[in-house]
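Student: Below, each chain spelled out in residue letters.
Protein chains: 2
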Amino acid sequence: MTDALSELDFGDDGLVPVVAQDVDSDEVLMLAYANDEAVERTVETGRAHYYSRSRDELWEKGATSGHTQAVDSVRLDCDGDALLYRVTQEGGACHTGYRSCFYRTVEGETVGERVFDPDDVYE
Amino acid sequence: MTDALSELDFGDDGLVPVVAQDVDSDEVLMLAYANDEAVERTVETGRAHYYSRSRDELWEKGATSGHTQAVDSVRLDCDGDALLYRVTQEGGACHTGYRSCFYRTVEGETVGERVFDPDDVYE
Numbered sequence: 001m002t003d004a005l006s007e008l009d010f011g012d013d014g015l016v017p018v019v020a021q022d023v024d025s026d027e028v029l030m031l032a033y034a035n036d037e038a039v040e041r042t043v044e045t046g047r048a049h050y051y052s053r054s055r056d057e058l059w060e061k062g063a064t065s066g067h068t069q070a071v072d073s074v075r076l077d078c079d080g081d082a083l084l085y086r087v088t089q090e091g092g093a094c095h096t097g098y099r100s101c102f103y104r105t106v107e108g109e110t111v112g113e114r115v116f117d118p119d120d121v122y123e
Numbered sequence: 001m002t003d004a005l006s007e008l009d010f011g012d013d014g015l016v017p018v019v020a021q022d023v024d025s026d027e028v029l030m031l032a033y034a035n036d037e038a039v040e041r042t043v044e045t046g047r048a049h050y051y052s053r054s055r056d057e058l059w060e061k062g063a064t065s066g067h068t069q070a071v072d073s074v075r076l077d078c079d080g081d082a083l084l085y086r087v088t089q090e091g092g093a094c095h096t097g098y099r100s101c102f103y104r105t106v107e108g109e110t111v112g113e114r115v116f117d118p119d120d121v122y123e
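Just so you know, the sequences run in chain order A and B.
If you number the first sequence the way the UniProt record's numbering does, the last residue is 123 and the count never jumps.
If you number the second sequence the way the UniProt record's numbering does, the last residue is 123 and the count never jumps.
Just chain A, with the same shape it has in the complex:
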């Protein structure tokens, strides 16, 4: 662990929210969560790891789908309770097939780009 990593505040549930951002386009791709092990593995391997709250397990992004995230850098925020992964996204970040999980507005307008058919990726 580096000095800045030791400042991370994982909160009562042991998790910090992580924003994944495309390092080339700067598009915000997704928001997920990480525990300390997920952050360590991300820093060590250069591949984005998260912690799945629904499955209650460590999760390497793209391990099943092939839609991996190569991590260019990991930033933390001022008070150390949020992270930003700057990544090169393979395929799409969203399980629905969109490049970004934030593909629609609250008015219901679709603004994102669909880049794969989820039926071809997830069985």
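Keep in mind the hints are simulated off the structure, nothing from the lab.
Glycine residues also receive a C-beta, built at the ideal position from the N, C-alpha and C atoms.
Any given hint could turn out to be false.
[Said to hold, decoys possible] Computed beta-carbon distance windows for the label pairs:
1) B:Asp119 <-> A:Asp9: 22 to 28 Å
2) B:Glu44 <-> A:Asp79: 25 to 31 Å
3) A:Thr64 <-> B:Glu60: 38 to 44 Å
4) A:Thr64 <-> B:Val115: 38 to 44 Å
5) A:Asp9 <-> B:Pro118: 16 to 22 Å
6) B:Asp36 <-> A:Ser73: 30 to 36 Å
7) A:Pro118 <-> B:Asp119: 46 to 52 Å
8) B:Arg47 <-> A:Pro118: 18 to 24 Å
[As the list claims (entries may be wrong)] Listed below are several chain B residues computed to face chain A (Cβ distance under 7 Å; list not exhaustive):
9) Asp22
10) Val23
11) Asp26
12) Leu76
13) Cys101
14) Val115
[Said to hold, decoys possible] Here are some chain B residues pointing at chain A (derived, C-beta under 10 Å):
15) Ala32
16) Asn35
17) Leu58
18) Asp77
19) Cys78
Chain A is fixed; fit chain B onto it per the hints.
Tutor: What follows is chain B alone, placed relative to chain A:
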């Protein structure tokens, strides 16, 4: 409330994480939280509102500092448990004086730009 807003999942604590992104530069500025009232006020007024977990109150960004966020659009993610505010940021988003709260890497390198002196803004 619009149809998409009604899909929001505020979780057990009544909050969703919100990513604020600069609509011009696409820089990720901060991560904060919103309750239903904060989202409604944001959509109604076009000014970014959040819910402060530490102060336990609704919070209009920049109401004290002048560093407001004019909201261009509000996006929600695929499963409705995170929001993206696309904003025009006045001054800096971070109380430390940086443009973005994500101004440093986990290796301890400063990558962000300082745009104001917090001593001039907060008393």
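Student: Each hint needs a verdict: does it hold in this structure or not?
Tutor: Results of checking the hints against the structure:
1. Remark: the range hint 22 to 28 Å for aspartate 119 of chain B to aspartate 9 of chain A is upheld by a beta-carbon distance near 25 Å.
2. The hint said 25 to 31 Å for the Cβ distance between glutamate 44 of chain B and aspartate 79 of chain A, and at roughly 29 Å that hint holds.
3. Here the CB-CB span from threonine 64 of chain A to glutamate 60 of chain B is close to 42 Å, well matched to the stated 38 to 44 Å.
4. Between threonine 64 of chain A and valine 115 of chain B the Cβ separation comes to about 42 Å, which falls inside the hinted range of 38 to 44 Å.
5. Evaluation of the 16 to 22 Å hint for aspartate 9 of chain A and proline 118 of chain B yields a pass: the beta carbon distance comes to about 20 Å.
6. Between aspartate 36 of chain B and serine 73 of chain A the Cβ separation comes to about 34 Å, which falls inside the hinted range of 30 to 36 Å.
7. For proline 118 of chain A and aspartate 119 of chain B, the hinted distance range of 46 to 52 Å is satisfied, since their beta carbons lie about 51 Å from each other.
8. For arginine 47 of chain B paired with proline 118 of chain A, a C-beta distance near 36 Å fails the hint of 18 to 24 Å.
9. Given hint, aspartate 22 of chain B at the interface with chain A, is violated; its Cβ is 9 Å from that chain's nearest Cβ, farther than 7 Å.
10. Taking 7 Å as the C-beta cut-off, the interface hint given for valine 23 of chain B is violated, the closest approach to chain A being about 11 Å.
11. Contact between aspartate 26 of chain B and chain A, as hinted, is supported at the beta carbon level, the nearest pair being about 4 Å apart and thus within 7 Å.
12. With a cut of 7 Å, the hint placing leucine 76 of chain B at the interface with chain A holds, because the nearest CB-to-CB distance is about 6 Å.
13. Because the beta carbon of cysteine 101 of chain B sits about 4 Å from the nearest beta carbon in chain A, less than 7 Å, this interface hint is met.
14. For valine 115 of chain B, the shortest C-beta to C-beta distance to chain A is roughly 14 Å, which exceeds 7 Å, and the interface hint is violated.
15. Checking alanine 32 of chain B against chain A by beta carbon gives a least distance of about 9 Å; that is within 10 Å, so the hint holds.
16. Hint status for asparagine 35 of chain B relative to chain A: violated, with the closest Cβ pair at about 15 Å, above 10 Å.
17. Violation of the interface hint for leucine 58 of chain B is found here, the shortest Cβ-Cβ separation to chain A being roughly 18 Å, above the 10 Å cut-off.
18. Below 10 Å, beta-carbon pairs count as interface contacts, and aspartate 77 of chain B has one with chain A at about 4 Å; its hint therefore holds.
19. The beta carbon of cysteine 78 of chain B is positioned within 10 Å of a beta carbon in chain A (closest approach about 5 Å), and the interface hint is therefore held.
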